[in-house]
Amino acid sequence: MTALDPTRSGPARRRMTRKQKRLAMLAAGGLVLAIAAALVLVAMRDTIVFFYGPTEIAEKGIAPGTRMRLGGLVEKGSVQKGPGQRVVFSVTDSKSTVKVSYEGLLPDLFREGQGVVTEGVFEGGSSFRADSVLAKHDETYMPREVADTLKKQGHWQPGEAPAPSAPAKR
Amino acid sequence: MIVEIGHFALALALGVAVVQSVVPLWGVARQDRALAGVGQAAALASFLLVCLAFAALTLSYLRSDFSVENVVANSHSTQPLIYKITSVWGNHEGSMLLWVLILTLFGALVALSRRSLPERLRAGTLAAQGMVTVAFLAFTLLTSNPFRRMLPAPAEGQDLNPLLQDLGLAIHPPLLYVGYVGFSITYAFAVAALIDGRIDAVWARAVRPWTLLAWVFLTLGIAMGSYWAYYELGWGGWWFWDPVENASLMPWLAGTALIHSTVVMEKRDALKVWTILLAILTFSLSLLGTFIVRSGVLTSVHSFATDPARGLFILIILVVFVGGSLALFAWRAPLLRQGGIFAPVSREGALVVNNVFIATSCATVFIGTLYPLALEMITGDKISVGPPFFNATFIPLLVPLLLLLPIGQSLAWKRGDLLGAAQRTMLAFAIAIAVTVIVFAIRWGGPVLAPLGVGLGVFLIAGAAFDLGERIMARASGLPAIWARAVGLPRSAWGTALAHAGVGISVIGIAATAWSTEAIGVLRPGDSLTSGRYRVTLESVTPRTGPNFRAEVARFSLASGDRVLLPVEAAKRLYIARNMPTTEAGIRTDGLSQAYVSLGEPQGDGSIAVRLYDKPLVLLIWIGALVMAFGGGLSLTDRRFRLAAPRRRAAVVPQAAAQPAE
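Residue numbers (the working numbering), protein chains in the order written: chain X, 8 to 177; chain E, 81 to 742.
Hints are computed from structural coordinates only; laboratory data are not their basis. Worth double-checking, as some hints may not be accurate.
Said to hold, decoys possible - Restricting the straight-line Cα-Cα distance to at most 27 Å, the calculated cross-link-like pairs of lysine-lysine (DSSO-like) are:
1. X:Lys28 to E:Lys494
2. X:Lys67 to E:Lys494
3. E:Lys347 to X:Lys26
4. X:Lys28 to E:Lys347
Based on the sequences and whatever the hints tell you, model everything.
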């Protein structure tokens, strides 16, 4: 706000003094900032979802009805389709498993044995109702949260990335 | 051989860039014109060398030279020619090369620019640009060398990521990079001004075209990326508040604020320190964006390279350049001659309001993007901040800004008349209210926010049109006089009005998304699915073979009520080299609206899952962005940018303090 500092000659009569002008500017700026801060704080409370792996759900004692993201590997042989658009599959980190139900189209790269991130509501026990299954751009890409979850459970093999010649993971 | 030449040219460019970043400053310090002029030659040389390197890599792609690791990882001999070329920047290493190419291109443009620049400013700017070039060339050479050989060479490459095999990708990154990297020049100008300790209207006039140029390209790049995501990902969405999208939105917002604050500086010689800070912050946000995209610290659907070494290197670049320039700012800014203060109710006062709102909304995006990272580092909790957060923070800050825009635009410089401005915008406001009411009546029972959003968009367009009209009609009567005034009006006035109208057009398109509908069904040939105004009937599903993929193509007939539209095709492709499926959405444009069909998994019994969207007025979102960019481009051709006062060409020796040109 120093940019608004006066260097010009004094104010004319009936107009605001320099100090008043500066205060008006500062007050306006402060007001907008305060509104923004309030918006951010309210939104932080209401719109943020936490990410958990299957084991964390079991360990942390998440209350049923909590909205969250769940990530892990789609357990091999667990995907059951139908009736209609309904899909049921298990998400695992090799230690714990959560059963996920989802109604809708799956992303192209949803496959058994691969990483997945879903968002939805934890229904208690080990069942989860997802309303979105997140897609990825690349088949070699593992969502970082999933990778961390798997590492934590000691089941991460970086060698799963496709060809050894590929420069790291794209 | 050609690969080694490219590699060598890149290394040589690094050496030249080191010269470019040191010698001009030395020359200025010693008041030696010859030394200060070295920057120009060095900037040109480094651009030509990087061009050579880029050409070498492109040639390797064209010849499918699989002895180059980068080509192996991202190309395939069966790829169509156009995608062999776009593969060059469809990967981390190649896109860094493109980044450096554009960086040096801007340096060369400043060196060549015929517009008179005070020589001290030009020397300082080229030196600062040289420092950025050194950092990114070193990064490319040390961590992301695109010329690394792979021996023995495999017989075949691994193909480009199929999602990127698309014309949208051919243009999206170059546009985006010209925008991103273009802000490096405004950054360099700011650093040069701080080193020089002088800043005035000449500086503002020198910087404004570069800011506008970068902004125009960033606008186009973001719009293109958004449209690409819309049709290529098959989810029907066009903006996901994904960290990588935010990474491009933040410099865009800061750049938008910068364009407006340089106007104040140019016209009124005020807001100097703030403008300098904004110029630094804009490029800092570009660098932050690079860090987010390249380091993989944030989970994003875009994920590029996730190599910790690269992330660390970019983090160091980020810290050095952001920290260094801010430290320079803290040290030198108090020495700058302060600008004048002005009345709150005036055009410049309105532009300050614009800056406050845009900077604040940019800050909310910043918080939403980086908060998950900070929280994870502090508490270890993983969270996701999604669209609900941004809808609840960004939009409430943007709406008042847009509401105030037409009023601010009709305020006069120096001392405005709020009542008069309100009266002048009254007609536009009345039209907006009328449109809102009519839309409410037509779409009774629909979402409430959509008609309000449409009204806001109409207000912006009408406000821009009336403001322009008033300036044309002001003292003219009779068609010839009006025509003469319309032609005589500065291009920047037309550009401003167009850009603001473009915002209004986009706002209408965004508001209309509230009316879009979606339907999912499992269809056999002959079955129909209806969503909103559109009805599709599955005609056939046939296999098809492309150059490097196999596809199942579903053909639909499309009707809207009694109107039969052209049929539409959607496909599931399987790219053979990577064994990766993609969805090709079928899109039929109907006026400004679109019917959007996307396929799910085949069900095995001959039926197929189909998703149909009715997207009313969706095209307005991108048309608005195009109009904005066109407006910016038009401003760029304004004669006051082309004809700068030649008398300002001063020697390296300190010139008399330039007076602000009014």
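Outcome of the hint check:
1. X:Lys28 to E:Lys494: holds (13 Å)
2. X:Lys67 to E:Lys494: It is violated: about 61 Å lies between the C-alpha atoms, which goes past 27 Å.
3. E:Lys347 to X:Lys26: holds (23 Å)
4. X:Lys28 to E:Lys347: holds (19 Å)
In summary, the one numbered hint that this structure violates is 2.
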